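Please build the complete structure, drawing on both the sequences and the hints.
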Amino acid sequence: MSMIDIKVAAVEQVTPLVKHFTFVKKDGSPFPAFSGGSHVVVSMNVGGRVHRNPYSLMGSPADTGAYHISVRKQEQSRGGSVFMHENVEVGTSLQITYPVNLFSLAKKAHKHILIAGGIGITPFMSQLIDLNRLDANFELHYAFRSPEHGAFADKLKAICSDKLHCYADSKGERLDLLALLSKQPLGTHVYVCGPNPMVVAVIETARNLGWPENHIHSEQFLSPGIGEPFKIQLAKSNIEVHVPAEMSMLEAIEAAGVDADYLCRGGVCGRCEVNVLESDGALLHHDHFLTDAEKASGKKIMPCVSRARCDRLVLEL
Amino acid sequence: MERGYWIRSKPVYTSLLWHEKATSHLVVAQGQGGMAVLKLFQLMHPKQAITVLYTPYAEADYSKTLVKVVPEGLHILETEQEVLAKLDSVLQSMYMGMRLYIAGSEDFMWSVAKVANKFGVEDAGMMKELTGTLARPIYCVHCKATTHGVTTNIGECSGCGRMLFVRDHFSRKLGAYMGLMIDAESPGELPEIEEIYP
Numbered sequence: 001m002s003m004i005d006i007k008v009a010a011v012e013q014v015t016p017l018v019k020h021f022t023f024v025k026k027d028g029s030p031f032p033a034f035s036g037g038s039h040v041v042v043s044m045n046v047g048g049r050v051h052r053n054p055y056s057l058m059g060s061p062a063d064t065g066a067y068h069i070s071v072r073k074q075e076q077s078r079g080g081s082v083f084m085h086e087n088v089e090v091g092t093s094l095q096i097t098y099p100v101n102l103f104s105l106a107k108k109a110h111k112h113i114l115i116a117g118g119i120g121i122t123p124f125m126s127q128l129i130d131l132n133r134l135d136a137n138f139e140l141h142y143a144f145r146s147p148e149h150g151a152f153a154d155k156l157k158a159i160c161s162d163k164l165h166c167y168a169d170s171k172g173e174r175l176d177l178l179a180l181l182s183k184q185p186l187g188t189h190v191y192v193c194g195p196n197p198m199v200v201a202v203i204e205t206a207r208n209l210g211w212p213e214n215h216i217h218s219e220q221f222l223s224p225g226i227g228e229p230f231k232i233q234l235a236k237s238n239i240e241v242h243v244p245a246e247m248s249m250l251e252a253i254e255a256a257g258v259d260a261d262y263l264c265r266g267g268v269c270g271r272c273e274v275n276v277l278e279s280d281g282a283l284l285h286h287d288h289f290l291t292d293a294e295k296a297s298g299k300k301i302m303p304c305v306s307r308a309r310c311d312r313l314v315l316e317l
Numbered sequence: 318m319e320r321g322y323w324i325r326s327k328p329v330y331t332s333l334l335w336h337e338k339a340t341s342h343l344v345v346a347q348g349q350g351g352m353a354v355l356k357l358f359q360l361m362h363p364k365q366a367i368t369v370l371y372t373p374y375a376e377a378d379y380s381k382t383l384v385k386v387v388p389e390g391l392h393i394l395e396t397e398q399e400v401l402a403k404l405d406s407v408l409q410s411m412y413m414g415m416r417l418y419i420a421g422s423e424d425f426m427w428s429v430a431k432v433a434n435k436f437g438v439e440d441a442g443m444m445k446e447l448t449g450t451l452a453r454p455i456y457c458v459h460c461k462a463t464t465h466g467v468t469t470n471i472g473e474c475s476g477c478g479r480m481l482f483v484r485d486h487f488s489r490k491l492g493a494y495m496g497l498m499i500d501a502e503s504p505g506e507l508p509e510i511e512e513i514y515p
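Protein sequences, first through last, are from chains E and W. Heads up: the first sequence runs through residues 1 to 317, numbered per my numbering. Heads up: the second sequence runs through residues 318 to 515, numbered per my numbering.
Possibly wrong hints are sitting among the right ones.
Not the full set, but computed from the structure, chain E residues with beta-carbon under 7 Å of chain W [unchecked claim]:
1. 187
2. 201
3. 208
4. 209
A few chain E residues facing chain W, derived, Cβ under 10 Å [unchecked claim]:
5. 110
6. 111
7. 179
8. 181
9. 189
10. 207
11. 210
12. 213
13. 214
14. 215
15. 218
16. 310
Calculated directly from the structure, the hints in this document are not laboratory data. The structure presented is a predicted model; accordingly, all values stated were derived computationally and were not measured. Note that the Cβ used here is the ideal one computed from N, Cα and C, for glycine as well.
Structure, rendered in structure tokens:
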């Protein structure tokens with residue numbers, strides 16, 4: 001996969017847990033243009049092991065001089081977000097993929113309701129600029145733990161003025177989804193990015209209110225998570241690969257020198273899907289891409305986030 | 318027609334079924350589509366608010382039965398134009414969660430869809446049942462006129478008079494099938510014209 005060489009031009013501590021990084025291209029040329037909601041995968045070498053994490057681009061799509069991402073330091077980090085926080089500073093060189101958009105605004109929408117939880121605000125930062133430019137009808141509902149964790153709230157206030165609604169959990173402020181999504185005008189689309197329970201609640205509430213599926217949009221990058229180690233057989237490459245507890249299947253496959261396809265690395269896009277030829281145990285599907293029926297069939301797996309509990313697993317790779 | 322041939326743009330119509338999560342129901346039907354509406358109410362009288370717009374067409378008039386069966390919000394209208402005008406006004410006061418059900422000819426259904434699109438109701442949010450006729454609306458790729466109710470494999474364009482081959486290629490935006498001049502290479506040489514969309 002072709003990558004862009006970048007260096008870090010600025011680092012800003014935004015909240016106790018969130019850092020904002022500004023990237024410029026190493027050769028000084030402009031970045032490719034992107035649309036609101038896009039993300040890049042940042043590749044980092046952590047102690048000899050390559051980590052690749054997806055992050056939303058949160059700068060203005062009109063600014064190709066620099067890319068902006070924000071990283072929340074994860075408590076259960078496998079190393080990526082901690083590395084970004086502790087080892088990346090002004091001048092650090094990294095590689096990123098070209099931007100990909102899996103969370104784009106619906107062009108036909110008459111109204112947009114954006115719902116963010118915590119660091120889930122990042123994809124909306126670039127979308128808001130598009131919405132303002134298009135003079136679109138929108139509302140942003142932003143929920144966070146406490147005011148000190150409300151990253152970019154002041155900046156958002158400046159961009160959105162009265163279209164911004166903030167909810168600080170510490171002050172007992174709650175976003176009432178049922179009230180919000182009832183009586184919305186025809187042609188409204190809802191977008192959610194945040195922690196899993198919030199994403200599920202928004203999707204379920206909208207569905208129960210009769211919203212058509214294509215009016216409900218969500219993005220939720222998963223980190224691969226830590227699990228039991230297991231072994232896989234790659235049929236085409238004819239090798240056996242050991243997947244350690246703290247490594248994803250995709251990472252282990254890559255580390256074994258096998259070129260596997262990928263895009264988001266967060267269980268969203270479906271690009272890394274592989275066929276399961278044989279297995280004698282349970283596939284632990286963690287992705288948001290496969291349908292329930294596909295997961296149950298045991299014929300496909302997304303190696304970026306999913307794991308297995310079995311003695312024998314043969315993949316068509 | 319080659320067996321197994323199917324073009325992705327061709328709309329797939331189903332039987333109308335109440336959407337169980339809808340917060341209100343809007344049913345729009347024409348002529349024989351009245352039977353599709355009766356079938357809906359045969360299944361269930363939903364709890365949520367109901368609006369039904371109906372216009373008789375050709376020989377088919379289910380008005381009398383609909384008056385007896387539809388519990389509220391029934392509007393019997395004389396023409397398609399009146400249906401579309403009424404639709405425009407009822408949509409103004411509807412919210413997300415409303416589900417739209419349409420039954421009638423393709424000409425009728427896509428005219429209804431066009432009004433709904435204006436309010437941000439997208440194709441995926443509508444259910445359509447084809448009734449009464451297979452007659453097609455045809456969009457002339459040469460003069461851009463739409464000819465309604467074409468029942469033959471080749472039809473005359475109401476705009477420019479060209480003889481158009483009626484394709485399966487359908488545009489949801491235009492609500493019509495593509496029609497292109499059949500005798501452009503050898504003017505006047507037409508294959509046999511047959512009724513295949515009665």
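So, going through the hints one by one against the coordinates:
Here the hint on residue 187(E) is kept, as its CB sits about 2 Å from the closest CB of chain W, short of 7 Å. The beta carbon of residue 201(E) comes no nearer than 16 Å to any beta carbon in chain W, farther than 7 Å, and the hint placing it at the interface is violated. Hint on residue 208(E) holds. Least Cβ distance to chain W is approximately 6 Å, under the 7 Å limit. For the restraint placing residue 209(E) at the interface with chain W, the shortest Cβ-Cβ distance is roughly 5 Å, inside the 7 Å limit, so the hint holds.
Interface restraint check: residue 110(E) against chain W, minimum CB-CB distance 4 Å, threshold 10 Å, status holds. Contact between residue 111(E) and chain W, as hinted, is supported at the beta carbon level, the nearest pair being about 8 Å apart and thus within 10 Å. Because the closest C-beta pair between residue 179(E) and chain W is about 13 Å apart, greater than 10 Å, the hint is violated. The closest approach between the C-beta of residue 181(E) and any C-beta of chain W is roughly 7 Å, which is under the 10 Å cut-off, so the hint is satisfied.
Given hint, residue 189(E) at the interface with chain W, holds; its Cβ is 9 Å from that chain's nearest Cβ, closer than 10 Å. Annotation: interface hint on residue 207(E) holds; nearest CB of chain W at approximately 6 Å, less than 10 Å. A cut of 10 Å between beta carbons decides the hint on residue 210(E): the least distance to chain W is about 4 Å, and the hint holds. The interface hint given for residue 213(E) is met, as the beta carbon of that residue sits about 7 Å from the closest beta carbon of chain W, less than 10 Å.
Below 10 Å, beta-carbon pairs count as interface contacts, and residue 214(E) has one with chain W at about 5 Å; its hint therefore holds. The interface hint given for residue 215(E) is met, as the beta carbon of that residue sits about 7 Å from the closest beta carbon of chain W, less than 10 Å. The interface hint given for residue 218(E) is broken, as the beta carbon of that residue sits about 17 Å from the closest beta carbon of chain W, more than 10 Å. With a least beta-carbon distance of about 38 Å to chain W, the hint placing residue 310(E) at the interface is violated under the 10 Å criterion.
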